[in-house]
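Student: Take a look at the letters that make up each chain.
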Amino acid sequence: EPEVTQTPSHQVTQMGQEVILRCVPISNHLYFYWYRQILGQKVEFLVSFYNNEISEKSEIFDDQFSVERPDGSNFTLKIRSTKLEDSAMYFCASRRRNNEQFFGPGTRLTVL
Amino acid sequence: DAKTTQPTSMDCAEGRAANLPCNHSTISGNEYVYWYRQIHSQGPQYIIHGLKNNETNEMASLIITEDRKSSTLILPHATLRDTAVYYCIVRVDLGGRGGKLIFGQGTELSVKP
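Taken in sequence, the protein lines are chains A and B.
Per our numbering, residue 1 is the first one in the first sequence, and the count goes up by one each step.
Per our numbering, residue 1001 is the first one in the second sequence, and the count goes up by one each step.
One or more hints might be untrue.
[Said to hold, decoys possible] Okay, derived cross-link-like pairs now, DMTMM-like style, lysine to aspartate or glutamate, Cα gap no bigger than 25 Å in a straight line:
hint, chain 1, residue 1, chain 2, residue 2
1, B, 1112, B, 1011
2, A, 42, A, 86
3, B, 1003, A, 56
4, A, 57, B, 1031
5, B, 1003, A, 44
6, B, 1003, A, 59
7, A, 42, B, 1108
8, A, 57, A, 85
Treat the hints as calculated values from the structure; they're not laboratory data.
All values reported here derive from a predicted model rather than from experimental measurement.
Make a model of the complete structure from these sequences and hints.
Tutor: This is how it looks when you write it as structure tokens:
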């Protein structure tokens, strides 16, 4: 069964550094999402992406964040200058039109 | 999207049915009820969704009241692997752009031997 994959599973970085989190959505899916979950808190929506542009973004998704689908298969989330409060699990998700969202296993980001 | 209310936690004996309630009294006519679960910090997993009719799949059944103000997710024979946080989410099924999911705190279901 096809699945969403994410790399790396765990990323440790220093405050102020740039990180790129990578996702490979299911191949025939059209809509892509990033969510995050700070330890012990709710899963929070960050951004949705369709037809090579952002469809919607939350207040969390400020100028430090960007998304890209560079090659038709990967979907990336970049954080330009990480802060301590960016430490969280980051989940990628994808869906076809009218179908449920499929989530990846997540990347645990630790900012020191 | 309509707000949902779920109990914070529930216990269930292994092999018994787990019935997880959700209130969504402000649901509007074009909003669907979705259920997802999250097993210990893994990515959320879709379970089932419905509009007004009861639905069943290989994982669970979804019972929606006639007035659509509440619903119940039923896991017919709970196993230890069903221990997870279960989220009830109400949203418009756009079929197009958007489609973000708004997660609440969910119900922490503990299945005990």
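Student: Now tell me, hint by hint, if it's right for this structure.
Tutor: Comparing the hints with the structure gives:
no.: 1; hint: 1112(B) with 1011(B); in the structure: holds (7 Å)
no.: 2; hint: 42(A) with 86(A); in the structure: holds (14 Å)
no.: 3; hint: 1003(B) with 56(A); in the structure: holds (20 Å)
no.: 4; hint: 57(A) with 1031(B); in the structure: holds (21 Å)
no.: 5; hint: 1003(B) with 44(A); in the structure: holds (15 Å)
no.: 6; hint: 1003(B) with 59(A); in the structure: holds (19 Å)
no.: 7; hint: 42(A) with 1108(B); in the structure: holds (12 Å)
no.: 8; hint: 57(A) with 85(A); in the structure: holds (18 Å)
Checked against the numbered hints above, the structure breaks none of them.
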